[in-house]
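Asks: Take a look at the letters that make up each chain.
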Amino acid sequence: MESNLLTVSPSPHIHQEQTISRLMWDVIFAMLPAFAFSVYVFGLGALMVTLIAVLSAVFFEYMIAKHLLKREPDIMDGSAVVTGMLLAFNVPTNLPWWLVVIGSFVAIGIGKMSFGGLGNNPFNPALVGRVFLLISFPVQMTTWPVPFESRMSITDVVTGATPLGFIKDGLKNGESLISLMQEVPGHIDFFLGTQPGSMGEISGLLLIIGFLYMVIRKVITWHIPVIVIGTMFIFSGLLWFGNPDRFVDPLFQILTGGALLGAIFMATDYVTSPMTIRGIVIYSVGIGVITILIRVFGAYPEGISFAILIMNAFVPLLNKYLKPSRFGEKVKNG
Amino acid sequence: MNQTIIITIVSLSGLGAVAAMILYVVARQFRVETDPRIDEIEEVLPATNCGGCGQPGCRAFAEALAQAVDISDMHCPVGGNDVMKQVGQILGVEVKEKDPYIAVVKCSGSFEHRKKTNVYDGAPNCTVASMLYGGDTGCAYGCVGLGECVDACDFEAMYMDEKTGLPVVIEDKCTACNACVKACPKDIMELWPRGRKNRRIFVACINEEKGGIAKKYCSVACTGCEKCVDVCRYDSVVVENNLAIIDPEKCKLCKDCVEVCPSKVIDMVNFPPKKDRPPRKDRPDRKLARTKAETVGAEASGAEAGGVATAVKNEQTKATGTDTVEAKNTNSPVSESETGNPQDQPSGRSEPKPVARTEKQDSDQEDKKDNSSEKENKA
Amino acid sequence: MFMFIFNKLKTFPKGGIHPPEVKISAEKPIERIPLPANIKVPIAQHIGVPATPVVERGGLVKTGQVIAKTAGFVSANIHAPASGKVAKISEELDVSGYRRTTIMIRVNKEEEWAEGIDTTDELRSEISLTREQILEKILEGGIVGMGGATFPSHVKLNVPRGKKADVLIINGVECEPYLTSDHQLMLEKSEELMVGVRILMKALDVKKAIIGIENNKKDAIDKLSLIAEKYDDISVDALKVQYPQGGEKQLIKALINREVPSGKLPIDVGTVVHNVGTTYAVYEAVQKNKPLIERVITVTGKSVKNPGNFIARIGTPVSALIDAAGGLPEDTGKVLSGGPMMGKALNDLGIPVTKGTSGILILPEKESARSKSKVCIRCSKCINVCPMGLEPFYLMTTIQRGMYDEAEQNRILDCIECGSCAYICPSNRELLDYIRLGKATVSNLIRERQSA
Chain A
126 MESNLLTVSP SPHIHQEQTI SRLMWDVIFA MLPAFAFSVY VFGLGALMVT
176 LIAVLSAVFF EYMIAKHLLK REPDIMDGSA VVTGMLLAFN VPTNLPWWLV
226 VIGSFVAIGI GKMSFGGLGN NPFNPALVGR VFLLISFPVQ MTTWPVPFES
276 RMSITDVVTG ATPLGFIKDG LKNGESLISL MQEVPGHIDF FLGTQPGSMG
326 EISGLLLIIG FLYMVIRKVI TWHIPVIVIG TMFIFSGLLW FGNPDRFVDP
376 LFQILTGGAL LGAIFMATDY VTSPMTIRGI VIYSVGIGVI TILIRVFGAY
426 PEGISFAILI MNAFVPLLNK YLKPSRFGEK VKNG
Chain B
9 MNQTIIITIV SLSGLGAVAA MILYVVARQF RVETDPRIDE IEEVLPATNC
59 GGCGQPGCRA FAEALAQAVD ISDMHCPVGG NDVMKQVGQI LGVEVKEKDP
109 YIAVVKCSGS FEHRKKTNVY DGAPNCTVAS MLYGGDTGCA YGCVGLGECV
159 DACDFEAMYM DEKTGLPVVI EDKCTACNAC VKACPKDIME LWPRGRKNRR
209 IFVACINEEK GGIAKKYCSV ACTGCEKCVD VCRYDSVVVE NNLAIIDPEK
259 CKLCKDCVEV CPSKVIDMVN FPPKKDRPPR KDRPDRKLAR TKAETVGAEA
309 SGAEAGGVAT AVKNEQTKAT GTDTVEAKNT NSPVSESETG NPQDQPSGRS
359 EPKPVARTEK QDSDQEDKKD NSSEKENKA
Chain C
24 MFMFIFNKLK TFPKGGIHPP EVKISAEKPI ERIPLPANIK VPIAQHIGVP
74 ATPVVERGGL VKTGQVIAKT AGFVSANIHA PASGKVAKIS EELDVSGYRR
124 TTIMIRVNKE EEWAEGIDTT DELRSEISLT REQILEKILE GGIVGMGGAT
174 FPSHVKLNVP RGKKADVLII NGVECEPYLT SDHQLMLEKS EELMVGVRIL
224 MKALDVKKAI IGIENNKKDA IDKLSLIAEK YDDISVDALK VQYPQGGEKQ
274 LIKALINREV PSGKLPIDVG TVVHNVGTTY AVYEAVQKNK PLIERVITVT
324 GKSVKNPGNF IARIGTPVSA LIDAAGGLPE DTGKVLSGGP MMGKALNDLG
374 IPVTKGTSGI LILPEKESAR SKSKVCIRCS KCINVCPMGL EPFYLMTTIQ
424 RGMYDEAEQN RILDCIECGS CAYICPSNRE LLDYIRLGKA TVSNLIRERQ
474 SA
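Chains as they are written, first to last, in the working numbering: chain A, 126 to 459; chain B, 9 to 387; chain C, 24 to 475.
For reference, chain A alone in the conformation it holds in the complex (with noise of 0.2 Å):
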């Protein structure tokens, strides 16, 4: 009898497969594609920097989690192994591993870990990471490798402005726009993936095979990336459609820079995506606005990693006070 007691645990009694780890890796499986085709077309340089931020990010974990805040650290959930491939994807290829690791440290230490590790960090730690060195070090982080050029070097490569640099200098020296289009690539390039831009930026195609593959395994639900994407395209359509002559074309906005990427990979980060339906669309509404708000009008060329950040500041506020709607709530019989 003593080796056969029974068990005894409240309800209920059976649960679903899918844990953490498992989403986790889901996540990562879904980014591969993508991967593999950067190193393709980015060569060593994609391998490297990828491989020294997942490194580095899961190094930082571990000793973070063991050292300072002395608890069992959980590398094995994968979760600073998504940090870091996330981190890779948003940075040239070229960048110095130096910087990555500084990338990375800054990712796990400050944007995740000081506030208590997965769960509470209230802003998407991979795009800390991503923002701080854009801020610090602008000349390394916005010098993009050209495609299919210097493949097999790791620093020392061609390097070429991302389309949205471009056109965005291009207006801002005073040359019109048909005349800048004309000498970027075409929608069929961005969306089969030759424009320098950072790993995951360059192939919209791949990286909606991964979004559909986590709709699939039901690690995200399609909410989130379809209306930051449509906010987008309505929003940048209407200025198009009211001049379009200064202001590109919205299949231009969503192929180009990190839209993609951002709205499926970093705007759905659990941890820092809001809970309910209601809060959903308005943070996705959010950042797309933002997002062509600041690729427009702002400093920048590329605005995702900011709208995201921002939007993400206000997801305690909307959790709050955005409820489900409740069963019974409204008396509506018939």
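Derived from the structure by calculation, the hints contain no laboratory data. Predicted model, so just to flag it, every value in this text is computed and none were measured. Beta carbons are placed, not taken as given, at the ideal position from N, Cα and C, and that holds for glycine. Do not rely on the hints blindly, as some may be mistaken.
[Stated by the list, open to error] Per label pair, the in silico range of CB-to-CB distance: (1) Arg241/B to Lys395/C: 51 to 59 Å; (2) Arg67/B to Phe240/A: 47 to 55 Å; (3) Arg241/B to Arg80/C: 36 to 44 Å; (4) Phe240/A to Phe96/C: 51 to 59 Å; (5) Pro247/A to Gly425/C: 51 to 59 Å.
Fit chains B and C to the supplied structure of chain A, relying on the hints for placement.
Replies: Same frame as chain A, but now just chains B and C:
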């Protein structure tokens, strides 16, 4: 450049000045007259905000004291008589000294004495477990062992003994704030007078079941055999619902009941060990079959766990007590609580415990009605 | 979510999960468990006041004789499930996990029934009794809700003044995984069930009845639909398989699209819900004068040798049922009374079957153990699956921190304890454990406030 600096300085100082004026006016305009004694009393109070006095915090208690006509019912368990005396001086009233109290654990069912009959695998919370069922041993009255009392203690005066699975109160630190008493869903914790020379005798069991059943599941359960009642010379023991209860007011600490108790369930604390006779409970090992859950602790402890003698308990107590820095401010063993029966303790933070016992659940059919019918028909 | 739009089957719109169905005992004919030597009948088998024993130790009882009388409005009679001698009335462990008053009967070999009980299998479809007589029979027969909540049925049928039911809903959903007792009952006793539905309609004086059955029980839907064709006012609705559709509020929403307001009862939206098991018991009590002394119980589990559906007398020990299904498997971790989502884990196999036991489920050790609980990552899955539109993660936090007012404002009392949140949580958090604790605490607080 210079101009910029000047403009900056001027505008900032201007802003500062305006803000200062607003603050000043508001502070004057909306000043609330408070009883100056409240601040004085608050100074004296220990600032632990434990709620042991029944108020939500020390400030609230100070306010209550200043307003009260009669403060004889009000007491700060942490500060004890010293603090209350000072409070009395501030308020200009005489404060009666109160007997010091301490929390005691009224369960002796350690792993060894109380075999597990099942394994609990739910949330680590005593109330959750006891809402679900009687507990992982056959005794529905005994300690659940998930440490809700320890969590409730603001003074780090309790810890779970891993060898016995029971909570232990650290004598020097316990302030008798009543938090553990309120936290325990089984009502095992009770405030008890510290007693003369810190010595006290109490029945460490609350099992009200018939002797046979109680004994079947726990070798140290009170069976209500009344031997203690017969032996007591001071009429201080009564048996109600198969359970012996000692009245601390009447008890003269003669230890007769301790010796006569067949279940060795009457605890005596802080008595010097007897030389001629082996200490209580120090019987030959009972070789109880152990469940997997308890083997770890029990195996390691061996002889120690064999006799959960009070002597052992006290040693642990002292060791832990002096190890810690806080020991110094509670070193004065005098800290006390309400007069009279420990049952009518200060009501404290008035969060009631969820009713865990089924008897109680049965009686409140009214409110069950609503929720139950929702679950009705769920296949 | 998109898929539902294309699906014509009705279901409730908010939340819900779809755990693996594992209905391994489906279509196993109901077998009768032989009478055990001793029967333990707890006097508290229903929600409300426990019944008062009216027999004494040593007294002789006949099968179907009242042994404990109803002790209030929300209470129910308890009858002797077998004939024999009252061995003792003592405190015994029951399904609540506590020892409570139980009448033990030493069963006679020769069964002797109380007078007036029709023990044949003959179908009696003629409803000759008046409404009052029907209610009287249901009260006498000690009928309670047999889906698990065990709410006395006569209380539900006594519609309060000023309220009126217009639809009767019969719950044949059986949304709990594993359980098949209602399914098998619907297949084997469909004619009787239909009579039961008509009795209930007469008792409630309603002109319409809907039987809701989930689409994974197609044979039962077909069979009942065929019989229902005879009656204009009874319809059978197939429902999309989704847990917790058997919850009263969810079922009402799914079938007639009415939402029971928070803190209200189904009667407030003009309907009453009864389980198929209850309906059959009503048929037996009214038409055959046979009180509730036995019920259909599924005994199942992945490692059980002969999972099946059994009919057992109330008071039969769980171990007897497990023996009938091939004995306790080696790898047993948990034995549940009820389904895996809302069932109650038993701490002893001597616990008797009661009126609310819909199944005995034996879970293997590796399946039953809970994984270690981790931090909340705010994935909002618990919110998405909550059929009541609550925020389980938030309620759990408020309870852990003792913020009972906040929990009350966030409708903690609306929780139907379906367990969807704890099932879905990727961090294995004990959401429902704490919510249940919070519900108890908050309702205590409310009661205190009202009495103050």
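Asks: 36 to 44 Å was suggested as the range; check whether the CB atoms of Arg241/B and Arg80/C agree with it.
Replies: holds, 39 Å
Asks: Is 51 to 59 Å right for how far apart the beta carbons of Phe240/A and Phe96/C are?
Replies: holds, 54 Å
Asks: Could you say whether the range 47 to 55 Å given as a hint is met by the Cβ separation of Arg67/B and Phe240/A?
Replies: This hint is violated: roughly 31 Å between Cβ atoms.
Asks: Within 51 to 59 Å or not, the Cβ separation of Pro247/A and Gly425/C?
Replies: violated, 24 Å
Asks: Does the Cβ pair Arg241/B, Lys395/C satisfy 51 to 59 Å?
Replies: holds, 55 Å
Consistency note: the structure conflicts with the earlier hints numbered 2 and 5.
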